[in-house]
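Participant: Take 1 as the starting number for the sequence shown in my numbering and just add one per residue.
If you're looking for bench data, these hints aren't it; they were derived computationally from the structure.
A few of these clues could be false.
[Claimed, not checked] Taking lysine to any residue pairs in the SDA-like style, the calculated list, with each CA pair at most 25 angstroms apart, reads:
| id | residue 1 | residue 2 |
| --- | --- | --- |
| 1 | Lys-41 | Lys-133 |
| 2 | Lys-164 | Leu-148 |
| 3 | Lys-60 | Glu-208 |
| 4 | Lys-108 | Arg-127 |
| 5 | Lys-143 | Asn-105 |
| 6 | Lys-60 | Arg-212 |
| 7 | Lys-82 | Phe-179 |
| 8 | Lys-71 | Leu-123 |
| 9 | Lys-143 | Pro-110 |
| 10 | Lys-108 | Ser-149 |
| 11 | Lys-41 | Ala-163 |
| 12 | Lys-108 | Leu-148 |
| 13 | Lys-41 | Ser-90 |
| 14 | Lys-60 | Asn-166 |
| 15 | Lys-71 | Tyr-107 |
| 16 | Lys-41 | Pro-110 |
| 17 | Lys-205 | Arg-76 |
| 18 | Lys-133 | Ala-111 |
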Amino acid sequence: RNCAVGNRKGVFMFQKLFRRPAPLTGPVEYLIVGLGNPGSKYEGTRHNTGFMAIDRIAEKAGVEIDRLKFKGLCARAQVGGKSVLLLKPSTFMNLSGQSVQEAMNFYKLPAEKVFILFDDISLPVGRMRIRMKGSDGGYNGMKNIIYLSGKDTFPRIKLGIGAKPNPSWDLADWVLSHFTEQEMKQLSEVFDHAAEAVEWMVNGKNAEAMNRFN
1 RNCAVGNRKG VFMFQKLFRR PAPLTGPVEY LIVGLGNPGS KYEGTRHNTG FMAIDRIAEK
61 AGVEIDRLKF KGLCARAQVG GKSVLLLKPS TFMNLSGQSV QEAMNFYKLP AEKVFILFDD
121 ISLPVGRMRI RMKGSDGGYN GMKNIIYLSG KDTFPRIKLG IGAKPNPSWD LADWVLSHFT
181 EQEMKQLSEV FDHAAEAVEW MVNGKNAEAM NRFN
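All chains should be modelled from the sequences, with the hints used to inform the complete structure.
Facilitator: Here it is as structure tokens:
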């Protein structure tokens with residue numbers, strides 16, 4: 001009899017520890033988007049830095065970005081005490097706006113509440129820069145997002161991937177190359193900073209985030 005009671009308690013504790021978290025309810029307040037290219041061919045490449053950064057945000061929030069919706073993979077999460085949707089477009093970089101626009105329309109979110117994380121060759125590895133609005137800067141993913149939405153007021157976090165080591169290198173070859181082991185260590189710290197910056201930004205502390213991380 002005592003054994004049976006003990007077993008029931010053990011089962012209960014196991015279920016309590018490993019129970020899936022309750023699904024989030026209420027409206028999505030912010031859309032957090034990481035840009036990249038889908039498929040194993042592009043995993044870990046410089047052009048997928050946005051994907052890697054948003055994966056770190058998901059990890060810290062205790063969720064997996066594995067739900068297929070809005071022409072991408074997404075997950076609901078709590079970030080900085082706010083209800084957000086984490087999104088990785090599956091449209092390939094140049095058509096990222098299709099995925100972003102669908103999610104924006106569904107949740108009726110203005111551009112100011114849609115944060116975009118992506119790679120930037122003008123910044124060295126280990127650096128990031130926050131901007132609250134602006135042109136696409138020649139970045140095709142942002143170009144498509146701005147074109148389809150008609151807005152350029154998307155807050156963005158640019159993640160440094162370094163300039164081409166040689167001017168003769170083809171840009172596409174460079175952004176689709178892989179990081180070195182040392183660069184990955186530097187990126188890991190930057191991803192933590194990006195996750196922290198997003199927490200500040202969803203709480204309206206944009207100036208503080210820019211002052212701290214730019």
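Participant: Would you mind marking each hint as holding or not holding in the structure?
Facilitator: Do the hints match the structure? See the list:
1. Under the criterion of a C-alpha separation no larger than 25 angstroms, the hint pairing Lys-41 with Lys-133 is inconsistent with the structure, at around 31 angstroms.
2. The hinted pair formed by Lys-164 and Leu-148 fails the criterion: a straight-line CA distance of about 30 angstroms is larger than 25 angstroms.
3. For the proposed pair Lys-60 and Glu-208, the alpha carbon gap of about 21 angstroms is at most 25 angstroms, so the pair holds.
4. Note on Lys-108 and Arg-127: the hinted pairing is violated, with a Cα-Cα distance of about 32 angstroms set against a maximum of 25 angstroms.
5. Distance hint between Lys-143 and Asn-105 is fulfilled; the C-alpha atoms sit about 18 angstroms from each other, no more than 25 angstroms.
6. At most 25 angstroms may separate the alpha-carbon atoms for a hinted pair to count; Lys-60 and Arg-212 meet this at roughly 20 angstroms.
7. Proximity of Lys-82 to Phe-179 is assessed by CA-CA distance (about 33 angstroms); at most 25 angstroms being required, the pair is judged violated.
8. Between Lys-71 and Leu-123, the direct Cα distance comes to roughly 29 angstroms. Violation of the 25 angstroms bound is thereby established for this hinted pair.
9. A distance of roughly 17 angstroms separates the Cα atoms of Lys-143 and Pro-110; the hinted pair therefore holds under the 25 angstroms criterion.
10. Note on Lys-108 and Ser-149: the hinted pairing holds, with a Cα-Cα distance of about 12 angstroms set against a maximum of 25 angstroms.
11. Annotation: proposed proximity of Lys-41 to Ala-163 holds, straight-line Cα distance about 22 angstroms (limit 25 angstroms).
12. For the proposed pair Lys-108 and Leu-148, the alpha carbon gap of about 15 angstroms is at most 25 angstroms, so the pair holds.
13. This hinted pair checks out: Lys-41 and Ser-90 have alpha carbons roughly 13 angstroms apart, not beyond 25 angstroms.
14. As the CA atoms of Lys-60 and Asn-166 are separated by approximately 37 angstroms, the hinted pair breaks the 25 angstroms bound.
15. Proposed proximity of Lys-71 and Tyr-107 is supported: the alpha carbons are some 15 angstroms apart, at most 25 angstroms.
16. For the suggested pair Lys-41 and Pro-110, the alpha carbons sit about 33 angstroms apart, so the restraint of at most 25 angstroms is broken.
17. Between Lys-205 and Arg-76 the alpha-carbon distance is near 22 angstroms, which keeps this suggested pair within the 25 angstroms criterion.
18. Proposed proximity of Lys-133 and Ala-111 is supported: the alpha carbons are some 9 angstroms apart, at most 25 angstroms.
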